[in-house]
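Student: So you can see what is in the structure, the chains are spelled out below.
Protein chains: 2
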Amino acid sequence: MPVVVVDVMPKPEILDPQGKAVQGALPRLGFAGVSDVRQGKRFELTVEEVTDEVLAQVAKMAETLLSNPVIENFTVRVETTSEIVAGANA
Amino acid sequence: MPVVVVDVMPKPEILDPQGKAVQGALPRLGFAGVSDVRQGKRFELTVEEVTDEVLAQVAKMAETLLSNPVIENFTVRVETTSEIVAGANA
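Protein chains in written order, with UniProt numbering: chain A, 1 to 90; chain B, 1 to 90.
Treat the hints with care, as some may be off.
Intra- or inter-copy, both count: the list cannot distinguish identical chains.
To be verified - EDC-like cross-link-like pairs, simulated, lysine to aspartate or glutamate; straight-line CA separation at most 20 Å:
hint	residue 1	residue 2
1	Lys20	Asp52
2	Lys60	Glu79
3	Lys41	Glu79
4	Lys11	Glu49
5	Lys11	Glu79
Since the hints were derived computationally from the structure, they do not count as laboratory data. None of the values given here were measured: they were computed from a predicted structure.
With the hints as constraints, model all of the structure from the sequences given.
Tutor: Encoded structure:
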């Protein structure tokens with residue numbers, strides 16, 4: 001069954017302590033070259049079929065339940081795997 | 001500057017109480033038609049440039065810092081906005 005993905009990220013002007021913690025840990029682990037890290041949430045919703053109506057419903061869910069619109073932005077998209085360049089699915 | 005996205009999701013065989021909580025809340029809010037919800041994390045890493053070396057570095061970060069490989073899978077990809085069908089960026 002198709003999967004609709006909702007990504008919820010802190011707005012750019014909102015402080016993101018989790019992201020900053022990750023960013024601070026990277027050099028200590030020997031990783032360089034990352035100038036910023038933002039951490040958010042990813043929801044995978046399994047639906048019967050992908051129609052405009054379903055996507056509108058999911059956008060409504062994202063707005064009312066999955067995100068806090070005061071401090072977070074969200075995006076809704078249909079899952080694709082084409083652009084994945086690396087991963088672990090062991 | 002380019003953004004590399006790391007998505008970290010609980011493995012399919014791992015219980016996901018956060019996702020189940022969202023799934024349970026949806027009918028109570030009047031939303032139907034979602035048969036499963038999984039909740040994970042999304043990291044946006046700002047890098048100088050996207051090269052194979054940088055992507056390999058990010059995959060290493062994902063494996064060692066951003067995910068717990070025992071219970072989570074991750075994917076690394078370069079940010080694209082083409083497939084977004086809805087969102088709020090207010």
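Student: Could you figure out if Lys20 and Asp52 sit no more than 20 Å apart (CA to CA) within one copy, between two copies, both or neither?
Tutor: neither (37 Å within a copy, 25 Å between copies)
Student: Tell me, please, which holds for Lys60 and Glu79 at an alpha-carbon limit of 20 Å: within, between, both or neither?
Tutor: Result: close within a single copy only, 18 Å intra versus 24 Å inter.
Student: My question is about Lys41 and Glu79: at a cut-off of 20 Å on alpha-carbon distance, are they close within one copy, between copies, both, or neither?
Tutor: both (15 Å within a copy, 15 Å between copies)
Student: One pair to classify: Lys11 and Glu49, alpha carbons no more than 20 Å apart. Within, between, both, or neither?
Tutor: For Lys11 and Glu49, the Cα distance exceeds 20 Å both inside one copy (30 Å) and across copies (23 Å).
Student: Between copies, within a copy, both or neither: which fits Lys11 and Glu79 at Cα up to 20 Å?
Tutor: between (23 Å within a copy, 17 Å between copies)
Checked against the numbered hints given earlier, the structure breaks hints 1 and 4 and satisfies all the rest.
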